[in-house]
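Participant: What follows is each chain in one-letter form.
There are 2 protein chains.
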Amino acid sequence: MSNNTTIDLVKTPSLILDEERMSNNISGLLSRIEAQSVTFRPHMKTAKCVEVARRVMTSPRGPITVSTLKEAEQFADAGVRDILYAVGIAPNKLDAVLALRAKGVDLSILVDSIAQAEAVAAKARLEGDPIPVLIEIDADGYRGGVPADETETVLAVGRALHEGGAELRGILTYSGATYECREVDEIRAVAERERRAATRSAELLRNAGLPCPIVSVGSTPTALFSRDFTGVTEVRAGVFAFFDLVMAGLGVCSVDDIALSVLATVIGHQHDGRRILVDAGWMAMSRDLGTAGQRVSQGYGVVCDLDGEIIPDLIMSGASQEHGILSLRPDSRRALPDLPIGTLVRILPNHACATAAQHHRYNVVSKGSREVTAVWDRFSGW
Amino acid sequence: MSNNTTIDLVKTPSLILDEERMSNNISGLLSRIEAQSVTFRPHMKTAKCVEVARRVMTSPRGPITVSTLKEAEQFADAGVRDILYAVGIAPNKLDAVLALRAKGVDLSILVDSIAQAEAVAAKARLEGDPIPVLIEIDADGYRGGVPADETETVLAVGRALHEGGAELRGILTYSGATYECREVDEIRAVAERERRAATRSAELLRNAGLPCPIVSVGSTPTALFSRDFTGVTEVRAGVFAFFDLVMAGLGVCSVDDIALSVLATVIGHQHDGRRILVDAGWMAMSRDLGTAGQRVSQGYGVVCDLDGEIIPDLIMSGASQEHGILSLRPDSRRALPDLPIGTLVRILPNHACATAAQHHRYNVVSKGSREVTAVWDRFSGW
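Chains A and B supply the protein sequences, listed in that same order.
Each residue of the first sequence is one higher than the one before, starting from 632 at the first, in this note's numbering.
Each residue of the second sequence is one higher than the one before, starting from 632 at the first, in this note's numbering.
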């Protein structure tokens, strides 16, 4: 989609994507991963946008990671051929998986239980399609995965897949524990735990005579800071292209790296000038308060001017559906800035995945320019 | 859209709407309001769906309330002709307002400052369209509105509109304070404060020789529980058609009245059977934790079986983007129920407006039946 407009003419609330910042974020991570000689399989759950995917992928055919089969279908329609659906499979999704594979997509899936492995293997035999499967290993008790120390279960899942008619393609770990880290050394420790859980499980399979070509690890924090990729074949990361306040709070990026913001208009002033109301509420920002548990709570987001320069100490401190409340940080000694009705601001989000999901498109700008150079559609739903 | 399917064949996660419960919720509020001889102007920000609007509106032409101009446009396309956009107007939205009015929609807007009133009046004069405007009055310091005791400002806004070329149509209040109530008597007190703020401001305008035909109050809690509508001409309410756990926590409805749920599939078990994973995370439920400050925190939602019967003590205690974690309430003495991989559950949301917004359509069922009788599209964005 093309256009000839400037950011001050975009209707509010809207999503603004700074392409220069995004490009820097992408090249920063890609150069790090290329130096490690591992495959990069970016996670498209944040952007859900074909144009962003084309800038993040190492080839037009992928590989990519997705969080829904809708993403798999949309990216397959755009020509991507190597897709990992990285949420534990439900048996009722196998028909959709097979339909995509029948179109020529190398779609692989995830299991973490014998029950799932048996269901997938049975379907693979029934349909004559050796569905490729990774075994999810749980390195930190965060979410899914066979606990790394349950070696008998790992082997049983591997055998159920390999001997049952599916393709045992490897091991996958994800370390959600990085979200609780307070400094980069803690992220490095999490990354090393993740790597060890993955590589040991891979060894376990191989020692039992089972195949394990892929050892997949990663998240934006661990992809950026882990020091050792020995035994790892593939790294995943998603939010790195946009970054957000949660990532900045972890020390993974600077606030100035954040490429995504929500454009909003000032619509009122309250409480003797202590609050400014804007037309972006939680519907535009999401309800994500991901920095609330970090050193500095950013409320619903950090407020910038139209050019993306941070307005000191001003955050979105409250939100209802279509109203955002801007106020100074509790410890600020500044005066509230003079932002008359109609003033446009840009609000940096806590969590790019959640905020982007509230919108249908990205208005693309470049740092320092008000020109909207492109409008990129994004998709949502399942 | 029609179909011939049953709920167990709907892909997950998906939104399920129990039409029988919804109809009971609607008739409950409508009969109460009709008895008061006031106009009912339902708020469509929760449903954002033409089929739901048709069941909630008192006539095919409205009136309705909306929270975005996108809603106004969509409902106008469906034939609604009396629409109130109940978020303080930004000057950059006036062209879209005028475009809808030029199509024959009686679209009214909201202001709470002299600056807005002057901008609207100037636009009204320039375009020769006396845009109808309500003045928002702040009864409780919750969000927008001229503080009820700032009588000079109320009058100045009224004069700027009436003498400036716009149509001064009346007064509007909204009491967000009900969300902090702990019992019905507190809701009644908030409702009475809201009524007094509205009717006194209306008197103020009328005594100054200014018109004020409409006095609009309401929210689901105050519409259901206020005892006195003297001086009020119009009542608004939105979430009442669906209800949710926040409303149940306030005592405004029973959990058994909640018409909306998210269908999800069990995809795993963790932590020695203390956690169940499902394929509905915060993307399907939203990040809204609105019951966290109430007497009973419901996490991300209350878990029911496929027929909508509550599974005792089971809540969604955690969520990542596409994973929900189900566990027993902290004080439960029960054993975790046996929900094998592939089991379908339905999760009642904290906040219907936020959860519905994450989905593209409603799968309509009726209590006690598994037949999906209709699929209704909903819209989103701005």
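Hints may contain errors.
It does not matter which identical chain is used: a pair holds within one copy or between any two.
Keeping only pairs whose Cα atoms sit at most 35 Å apart, straight-line, the calculated DSBU-like set for lysine-lysine is [unchecked claim]:
1. Lys754 with Lys642
2. Lys998 with Lys734
3. Lys754 with Lys701
4. Lys734 with Lys642
Calculated from the structure, these hints are not laboratory results.
All figures in this text were calculated on a predicted structure; none of them were measured in a lab.
Participant: Take the hints in turn and mark each one as holding or not.
Facilitator: Structure-based check of all given hints:
1. When the C-alpha separation of Lys754 and Lys642 is checked against a cutoff of 35 Å, the pair qualifies only between copies, where the shortest distance is 18 Å, while the shortest distance within a copy is 49 Å.
2. In this assembly of identical chains, the alpha carbons of Lys998 and Lys734 never lie at most 35 Å apart, being 40 Å within a copy and 39 Å across copies at closest.
3. In this homomeric assembly, Lys754 and Lys701 come within 35 Å of each other (Cα to Cα) only inside a single copy, at 21 Å, whereas the closest approach across copies is 44 Å.
4. Taking the closest pair of Cα atoms, Lys734 and Lys642 come within 35 Å of each other only across two copies (20 Å); inside a single copy the shortest separation is 39 Å, beyond that limit.
Comparing the model with each earlier hint shows a violation of hint 2 alone; every other hint is respected.
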